[in-house]
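A.B. asks: Read top to bottom, the protein sequences are chains A and B.
For the first sequence, position 216 (counting from the first letter as 1) is numbered 216 according to our numbering, and the numbering increases by one without interruption.
For the second sequence, position 119 (counting from the first letter as 1) is numbered 119 according to our numbering, and the numbering increases by one without interruption.
Calculated from the structure, these hints are not laboratory results.
One or more of the hints may lead you astray.
[Unchecked claim] Pulled from the structure, derived: some chain A residues nowhere near chain B, Cβ distances all over 12 Å:
#, residue
1, D58
2, A122
3, V157
4, N179
5, G237
[Unchecked claim] Some chain B residues near chain A, calculated using beta-carbon distances under 7 Å:
#, residue
6, L63
7, S67
8, F89
9, S91
10, T93
11, W97
12, A101
13, E110
14, W138
15, G145
16, N158
[Stated by the list, open to error] For each label pair, taking beta carbons as the anchor points, the in silico distance ranges come out as:
#, chain 1, residue 1, chain 2, residue 2, range
17, B, E191, A, G237, 55 to 61 Å
18, B, K119, A, I22, 53 to 59 Å
19, B, P26, A, L98, 48 to 54 Å
20, A, P101, B, E253, 21 to 27 Å
Just so it is clear, CB atoms sit at the ideal spot from N, CA and C, and this is done for glycine as well.
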Amino acid sequence: MRPLHPVSREARAVLGVSFFVIFVAFWAWMTLGGYVSRVFLADPWSMLKDGWRLLVEDNFAFDIGITMWRVYGGFILAAIVAVPLGIAMGAWKPVEALLEPFVSFARYLPASAFIPLLILWAGVGEVEKLLVIFFGAVFQLILIIAFSVGNTRRDLVEAAYTLGATNNGIVKRVIVPANAPEIAETLRLVLGWAWTYVIVAELIGSSSGIGYMIINSQSRLATGQIIFGIIIIGLIGLVSDIGFKALNRWLFPWSLV
Amino acid sequence: MTEFKNAKLLVEKVSRRFPGVRGGAPVQALMPVDLSVAEKDFITILGPSGCGKSTLLRIVAGLDHPSEGRVLLDGRELKGPGRDRGMVFQSYTLFPWLTVAENIAFGLREKGMPEARRKEIVANYMQLVGLKGFENHWPKQLSGGMQQRTAIARALANDPEILLLDEPFGALDNQTRGLMQELLLGIWERERKTVLFVTHDIEEAIFMASRVIVMSARPGRIKSDVTVDLPHPRSYTIKTSPEFSEFKARLTEEIRVEAMQAAEAH
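The task is simple: from the sequences and hints, build the whole structure.
C.D. replies: Dropping the structure here:
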């Protein structure tokens, strides 16, 4: 195969789908063929049956909804704080000098380790769940955004100055639009990480959500339900990712030409 | 000194020293330079690479500051960049998120000009640089020559006192470069802007200039100041005339010495 040679749109779709098929076929072969005990791994068919029962009898749709609200709620809060702060750090070096060391430090504090503390402060309610997502995402976002803003093309900034732009004009009309696609891409990436935090948050001190269902199923050895929950997360992630990509394409057509 | 009094742009003993890298000795990029530019003059600054010609232009633009000396425009000392000095860069510096028309209108918008007036001016300059019909294209959809034409239109639309160009056609192929020179010269012959044009191309320097300033190799100094009295309007055919060849021979000789010194120094 020629390296870096592009593949046609149709071939890409066929290849992408076929790996899902291979994956499920392998899984079915392992479980239905009796190579793996049903106790440890449910087969695809009973996974679907378990999932259907969850949705119909146990009102699992509500859990999915509550988990999504936690992810998007916490993530939007983080974005509201991180986007302006990241832009400020990237644009103004004293702000960066002030905050960068602390944010770099805070980034390595594992959000999950704060869960006991957050429960002490905020109880086991929704505020605690949102805070876990918030702390998990906010420092990462700030640093990545500050980095891309700090790398704004200097020649564009200089061109704007020679066209009479003021310092504020440079930020508003060069730095922000120049980095908007990259900021949107960063948000898309970190949103994926937020899903990891929400499940951890729901494993501890929770009475609803996909993560709660998963930990609950473990005590009953309901591996079909666990897998169904995990697959639901994957599907939501995939759909929201596709939506996010489409939104970016629509918002920033210039970055694709 | 009458010439200095009437000068549009006055460069007074401007020098530039860059601090040494990792404790090394500072680099003298520009020895003290004096230059007086009359209104409506087209001046090309010619020199081998690394002679400080771009540094000088950036200081005039306010994008760099002199270590000593000062620059005056219409008698005012310059501090920092401003809309009175439009600049065209060697690299493609159109704003990729703006269409061609929006790029040309950038400075006008920054000035707070109402949209109707802006549109009029943009349409005028689109016409002038031959880009009519490309208003809504993204910069990346244009060829290099078209991007630089847009950059010239963007700088001119702002109606600067002086137009600064830093090897604007350096990245273009030979044929396109020739056409761009004619285009820019044509605009100058009509609008009579004051122009400061940096280049290392001898033919380019003579073809457009009313004065060629030859700079020496690093540290940069002004080596000679040649008045080009070829008649206007000039067409590309002038490049094969005996007068042109004479200028070319003379400048080639001067530049050659500098280029050799520069090559030895590196």
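A.B. asks: Interface hint check: B/W97, Cβ to nearest Cβ on chain A, cutoff 7 Å. Holds or violated?
C.D. replies: Since the shortest Cβ distance to chain A is 5 Å, the answer is holds.
A.B. asks: Mind checking the CB of B/E110 against every CB in chain A and telling me if the closest is under 7 Å?
C.D. replies: holds (5 Å)
A.B. asks: Any CB of chain A closer than 7 Å to the CB of B/F89?
C.D. replies: Where the cut-off is 7 Å and the nearest Cβ of chain A is about 6 Å from B/F89, the hint holds.
A.B. asks: Would you assess whether A/A122, listed as outside the interface, keeps its beta-carbon beyond 12 Å of every beta-carbon in chain B?
C.D. replies: holds (41 Å)
A.B. asks: Starting from the range 48 to 54 Å, see whether the pair B/P26 and A/L98 falls in it by beta-carbon distance.
C.D. replies: The hint (48 to 54 Å, Cβ to Cβ) is violated, given that B/P26 and A/L98 are roughly 31 Å apart.
A.B. asks: Quick check on the hint: B/T93 CB to chain A CB, less than 7 Å?
C.D. replies: This interface hint holds because 4 Å falls under the 7 Å limit.
A.B. asks: Could you check that no beta carbon of chain B comes within 12 Å of the beta carbon of A/N179?
C.D. replies: Check fails; 10 Å does not lie beyond 12 Å.
A.B. asks: With chain A as the partner, please determine if B/A101 meets the hint condition of a C-beta pair closer than 7 Å.
C.D. replies: Result: violated, 13 Å to nearest chain A Cβ.
A.B. asks: Verify this label for me: A/G237 is non-interface relative to chain B, using a Cβ-Cβ cutoff of 12 Å.
C.D. replies: The claim stands: A/G237 keeps its Cβ more than 12 Å from every Cβ of chain B (closest is about 29 Å).
A.B. asks: May I ask you to test the interface hint for B/S91 with respect to chain A, counting a Cβ-Cβ separation under 7 Å as satisfied?
C.D. replies: At 5 Å from the nearest chain A Cβ, B/S91 passes the 7 Å test, so the hint holds.
A.B. asks: A/P101 and B/E253, beta-carbon distance inside 21 to 27 Å?
C.D. replies: violated (58 Å)
A.B. asks: Report holds if the minimum CB distance from A/D58 to chain B is greater than 12 Å, and violated otherwise.
C.D. replies: Holds, since 49 Å exceeds 12 Å.
Of the numbered hints listed earlier, those contradicted by the structure are 3, 4, 7, 12, 15, 19 and 20.
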